[in-house]
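Novice: Spelled out from the first residue to the last, the chains are:
Number of protein chains: 2
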Amino acid sequence: MTSHDTAILRANETFYRAFSTGDYATMARLWAEQAPVTCLHPGLPALIGRETVMQSWRQILTQSTQLTMRCDHAHVQLFGESAVVTCYEANGDEPAHLAATNVFVREGDQWRMVHHHAGPLARAISRPPPRAGLN
Amino acid sequence: MTSHDTAILRANETFYRAFSTGDYATMARLWAEQAPVTCLHPGLPALIGRETVMQSWRQILTQSTQLTMRCDHAHVQLFGESAVVTCYEANGDEPAHLAATNVFVREGDQWRMVHHHAGPLARAISRPPPRAGLN
Chain V
1 MTSHDTAILR ANETFYRAFS TGDYATMARL WAEQAPVTCL HPGLPALIGR ETVMQSWRQI
61 LTQSTQLTMR CDHAHVQLFG ESAVVTCYEA NGDEPAHLAA TNVFVREGDQ WRMVHHHAGP
121 LARAISRPPP RAGLN
Chain G
1001 MTSHDTAILR ANETFYRAFS TGDYATMARL WAEQAPVTCL HPGLPALIGR ETVMQSWRQI
1061 LTQSTQLTMR CDHAHVQLFG ESAVVTCYEA NGDEPAHLAA TNVFVREGDQ WRMVHHHAGP
1121 LARAISRPPP RAGLN
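Chain order of the listed sequences is V and G. Under the working numbering, the first residue of the first sequence is numbered 1, with each subsequent residue one higher. Under the working numbering, the first residue of the second sequence is numbered 1001, with each subsequent residue one higher.
This is chain V alone, in the form it adopts within the complex (with noise of 0.2 Å):
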């Protein structure tokens, strides 16, 4: 693993954090301020540009049932000076039921998010068994 893809996996983590902790001033800073962005919400029409995604992050952050979203199975991608993390998404504890694409892409000496899509999983996906030595 590159120290790319470590930065990447985090930029990542920092994701599923701003989402879980409804942290709003740090999801919007995850998200490219100059490269183009687009998300794809389960199930929903794509928005396209800054203000209409961050506007949809900002109502899921501040909605009263707060989700504490997990992410298994992460898997780097890069590009050069773009990535994409695949991986499952899981509330708590539960078995994973959406499969992510993320896309990031390199601004200054940060990874930001691009593009976020997240749809059903036919078959919910157990949660990865702890790895030794990392608890």
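Treat each hint with caution, since some may be false.
[As the list claims (entries may be wrong)] Taking beta-carbon pairs under 10 Å as the criterion, some of the chain V residues facing chain G (in silico):
#1 P45
#2 G80
#3 R123
[Claimed, not checked] Between beta-carbon pairs, the in silico distance windows are:
#4 V:E13 / G:Q1059: 33 to 39 Å
#5 G:A1122 / V:I48: 15 to 21 Å
#6 V:N91 / G:L1067: 29 to 35 Å
#7 V:P95 / G:P1120: 18 to 24 Å
#8 V:D93 / G:T1006: 46 to 52 Å
#9 G:T1002 / V:H73: 33 to 39 Å
#10 V:P45 / G:T1068: 20 to 26 Å
#11 G:P1130 / V:H73: 40 to 46 Å
Rather than coming from a laboratory, the hints here were simulated on the basis of the structure. We put the CB at the ideal spot given by N, CA and C, even for glycine.
Chain G: place on chain V using the hints.
Specialist: Okay, now just chain G, sitting in the frame of chain V:
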């Protein structure tokens, strides 16, 4: 629209044409050879690596029930040597029932696919009206 956008949209159309005509050879040429590839078919776990991804396409493209896949509202995000296309997928003349993320990278002078993710839309999206002068 830049010449890159046009070439990326053409690669995206190649994907749906190969899908619709069961053209495995074209599909195999479209997917990247050097860059890492992944695929999230609707509802299914992630496929990682060219051999696994292409095996899935061989199965899909040789099945007896041929699908005629249409791609509506394709939208390009260009990030230098990579690009994300979002669009809606439909069968034949039906309203679109899937949202898709297609990621491409440049290999030599070709835009080649490195990731495909399709997931269901909660509400089908009607086919856009034909644009004047294009028919």
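Novice: Take the hints in turn and mark each one as holding or not.
Specialist: Going through the hints against the structure:
Checking P45 (chain V) against chain G: minimum C-beta separation of about 6 Å stays under 10 Å; hint holds. Taking 10 Å as the C-beta contact cut-off toward chain G, the hint placing G80 (chain V) at the interface holds, the least distance being around 6 Å. The restraint placing R123 (chain V) at the interface with chain G holds, with a minimum CB-CB distance near 8 Å, inside the 10 Å limit. Separation of E13 (chain V) from Q1059 (chain G) is about 34 Å and conforms to the stated range, judged on CB atoms against 33 to 39 Å.
Between A1122 (chain G) and I48 (chain V) the Cβ separation comes to about 18 Å, which falls inside the hinted range of 15 to 21 Å. At about 33 Å, the beta-carbon gap between N91 (chain V) and L1067 (chain G) stays in the expected band of 29 to 35 Å. Between P95 (chain V) and P1120 (chain G) the beta carbons are some 19 Å apart, a value that agrees with the proposed interval 18 to 24 Å. At about 47 Å, the CB distance of D93 (chain V) to T1006 (chain G) agrees with the hint of 46 to 52 Å.
Checked against the hint of 33 to 39 Å, the C-beta distance between T1002 (chain G) and H73 (chain V) comes to roughly 35 Å, which is consistent with it. With their beta carbons about 22 Å apart, P45 (chain V) and T1068 (chain G) fall inside the hinted range of 20 to 26 Å. In this structure the hint that P1130 (chain G) and H73 (chain V) lie 40 to 46 Å apart at CB holds, the actual value being about 42 Å.
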